Amino acid sequence: MRFEARSFVELLAVKVRMNLKAEASRTYLSFLWWLLEPALLVIVLYVVFSVFLNRGTEHFVVFLLCGLIPFQWFSKSVSNCSMCIRSGAGLINQIYIPKVFFPLVVIFQDLFKALITIALFLVFVILYGMPLHLTWLAIPALVLVQLLVNATVAIFVAMVVPFIPDLRFLVSTALLLMMYGSGIFYSYKDVLLEEHQAIFLMNPIANIIRLYREVIIDNAWPDWTALLLISLVSVCFLCLFSWILHRNDSRYARLVLE
Amino acid sequence: MIVENVGVRYRVRNRLFSHSYFDALSGVSFEVNEGETLGVIGRNGCGKSTLLKVLAGIYAPDSGRVIRDGKKVSLLALGVGFDLDLSGEDNALLSAMFLGFSYSEAKSRIGAIREFSELGSFFDEPMKTYSTGMRSRLGFAVAITMHSDVLLIDEVLSVGDAQFRVKAETAISDRVSSRQTVVLVSHSGVQVEKMCQRVIWLEGGRILKEGDPKVIVPEYEKFIQTGKVA
Chain A
1 MRFEARSFVE LLAVKVRMNL KAEASRTYLS FLWWLLEPAL LVIVLYVVFS VFLNRGTEHF
61 VVFLLCGLIP FQWFSKSVSN CSMCIRSGAG LINQIYIPKV FFPLVVIFQD LFKALITIAL
121 FLVFVILYGM PLHLTWLAIP ALVLVQLLVN ATVAIFVAMV VPFIPDLRFL VSTALLLMMY
181 GSGIFYSYKD VLLEEHQAIF LMNPIANIIR LYREVIIDNA WPDWTALLLI SLVSVCFLCL
241 FSWILHRNDS RYARLVLE
Chain B
1 MIVENVGVRY RVRNRLFSHS YFDALSGVSF EVNEGETLGV IGRNGCGKST LLKVLAGIYA
61 PDSGRVIRDG KKVSLLALGV GFDLDLSGED NALLSAMFLG FSYSEAKSRI GAIREFSELG
121 SFFDEPMKTY STGMRSRLGF AVAITMHSDV LLIDEVLSVG DAQFRVKAET AISDRVSSRQ
181 TVVLVSHSGV QVEKMCQRVI WLEGGRILKE GDPKVIVPEY EKFIQTGKVA
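Residue numbers (the numbering used here), protein chains in the order written: chain A, 1 to 258; chain B, 1 to 230.
Don't take each hint at face value.
[What the hints assert, rightly or not] List time: in silico DMTMM-like cross-link candidates among lysine to aspartate or glutamate, alpha-carbon distance up to 25 Å:
1. Lys21/A to Glu169/B
2. Lys107/B to Glu89/B
3. Lys72/B to Asp249/A
[Claimed, not checked] Chain A is nowhere near these chain B residues, computed Cβ spacing over 12 Å in every case:
4. Ser29
5. Asn33
6. Gly35
7. Phe98
8. Glu155
9. Gln191
10. Met195
11. Gly204
These aren't lab readings, by the way, just hints derived from the structure by calculation. The model shown is predicted, which means the values in this text are computed figures rather than measured ones. Quick reminder that beta carbons are idealized off the backbone N, C-alpha and C, glycines included.
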């Protein structure tokens with residue numbers, strides 16, 4: 001039995017909407033938390049870095065958030081995906097469903113929340129006193145490219161963890177390493193040796209964070225070549241992983257019960 | 001629907017790099033004719049549930065194949081994809097879509113599901129406010145309302161209070177006596193003898209006997225009591 005493509009897309013859209021609805025219904029302030037949570041983060045960072053520490057670097061809070069917001073989006077998508085197929089075990093054993101459904105739900109649910117956070121962040125940047133600039137028009141392109149990167153890594157993790165459950169622990173370690181290796185708290189140009197910078201930028205998340213900063217802080221157009229290269233590599237791997245997942249689709253029903 | 005020489009082998013993980021195998025089904029072949037009710041009987045662990053999962057497309061057979069001719073085959077399962085934070089209506093919609101129906105098809109059956117479930121105003125409340133009986137009533141209402149071409153039923157369902165159980169059993173036997181194609185799996189011979197036109201007896205993952213329930217079921221019952229095949 002196979003799902004029709006249209007029914008599958010509709011189901012995906014309804015499931016994402018319902019998950020967001022269910023998530024909102026679990027707290028008193030419901031969907032306000034999608035605004036409040038990032039807003040609280042901004043306040044904490046503002047107080048710590050601009051008031052307490054009085055860091056010399058100009059716009060340090062904005063610099064930090066340019067790194068932290070994209071990274072948190074990536075990190076949440078990947079860690080939420082690591083268990084997504086296993087937590088769908090009940091469903092997988094009741095009906096036939098293409099397993100790519102589970103990571104896709106997580107990816108789109110996180111995308112929705114990330115969009116709210118990014119919009120709020122841009123409002124903060126304007127309130128902070130940085131002028132709106134034409135280069136901001138490149139932000140949707142950056143978001144789209146990051147979505148591709150997130151999806152590629154998230155689908156890979158979702159696909160592999162059910163086969164080797166122990167990898168779940170490595171995922172969180174890898175994300176921690178990524179956090180320190182993506183230049184969230186520092187500028188790679190100041191910290192790294194000239195010859196190491198190219199290697200550093202091969203990490204797509206580090207590269208995208210750099211591009212966000214170029215656009216939002218330096219008001220420059222992003223490095224289009226880098227952006228194109230990241231998209232191409234991501235799309236290739238995304239296709240490869242989706243194909244492998246599709247080929248092994250029928251193995252998961254038994255795998256999640258083992 | 002034709003089942004050809006189907007085998008399913010489970011891999012049991014003992015330690016790192018150490019596995020043993022267990023054949024849940026081997027060399028199973030039969031046909032399900034359109035409009036008939038086929039019974040499958042056998043003891044616990046004989047491979048009945050595995051067979052249903054193979055028929056529903058949840059498991060892929062390790063050998064052999066199942067030919068479905070583009071028919072929609074689904075397991076009568078309760079509470080597919082239910083989320084306790086969502087209302088009965090939202091859950092019914094989602095559940096119907098998980099069974100493979102499009103948004104508009106699912107939406108158009110919501111009224112029928114609401115009516116069958118007898119939940120009244122609770123239908124619009126979050127499911128966490130439901131009692132266990134109410135949950136299974138909603139689950140059953142979705143499962144029985146969203147028709148598929150071949151319906152697979154595993155054992156007798158226990159749903160809700162006595163009154164609703166009667167309604168559920170009536171709905172199932174209506175389905176069974178209509179032109180609906182049904183595969184009914186059970187370890188109870190009585191039910192199979194009452195409802196099915198043909199029966200398959202599974203033992204140790206193989207078909208032991210196949211044929212008229214009036215002949216096979218008494219043999220099966222005798223086997224259960226004495227442990228010997230006549």
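Hint check results:
1. Proposed proximity of Lys21/A and Glu169/B is contradicted: the alpha carbons are some 35 Å apart, above 25 Å.
2. For the hint pairing Lys107/B with Glu89/B, the CA-to-CA distance comes to about 10 Å; that is within 25 Å, so the pair holds.
3. Taking the CA atoms of Lys72/B and Asp249/A, the gap is about 19 Å. The hint holds against a cut of 25 Å.
4. No beta-carbon of chain A is positioned within 12 Å of the beta-carbon of Ser29/B; the least distance is around 20 Å.
5. Listed as a non-interface residue, Asn33/B keeps its Cβ farther than 12 Å from every Cβ of chain A; the least gap is roughly 19 Å.
6. Every beta carbon of chain A lies more than 12 Å from that of Gly35/B, the smallest distance being close to 19 Å; the non-interface claim holds.
7. Listed as outside the interface, Phe98/B is inconsistent with that label: its C-beta sits roughly 6 Å from the nearest C-beta of chain A, within the 12 Å cut-off.
8. At roughly 14 Å from the closest C-beta of chain A, the C-beta of Glu155/B stays outside 12 Å, upholding its exclusion from the interface.
9. With a closest Cβ-Cβ approach of about 22 Å to chain A, Gln191/B is found to remain outside the 12 Å limit, as its non-interface label requires.
10. The claim that Met195/B lies off the interface holds: its Cβ sits roughly 23 Å from the closest Cβ of chain A, which is beyond the 12 Å cut-off.
11. The beta carbon of Gly204/B sits about 19 Å from the closest Cβ of chain A, which is more than 12 Å, so the claim that it is off the interface holds.
Hints 1, 7 from the earlier list are contradicted by this structure; the remaining hints agree with it.
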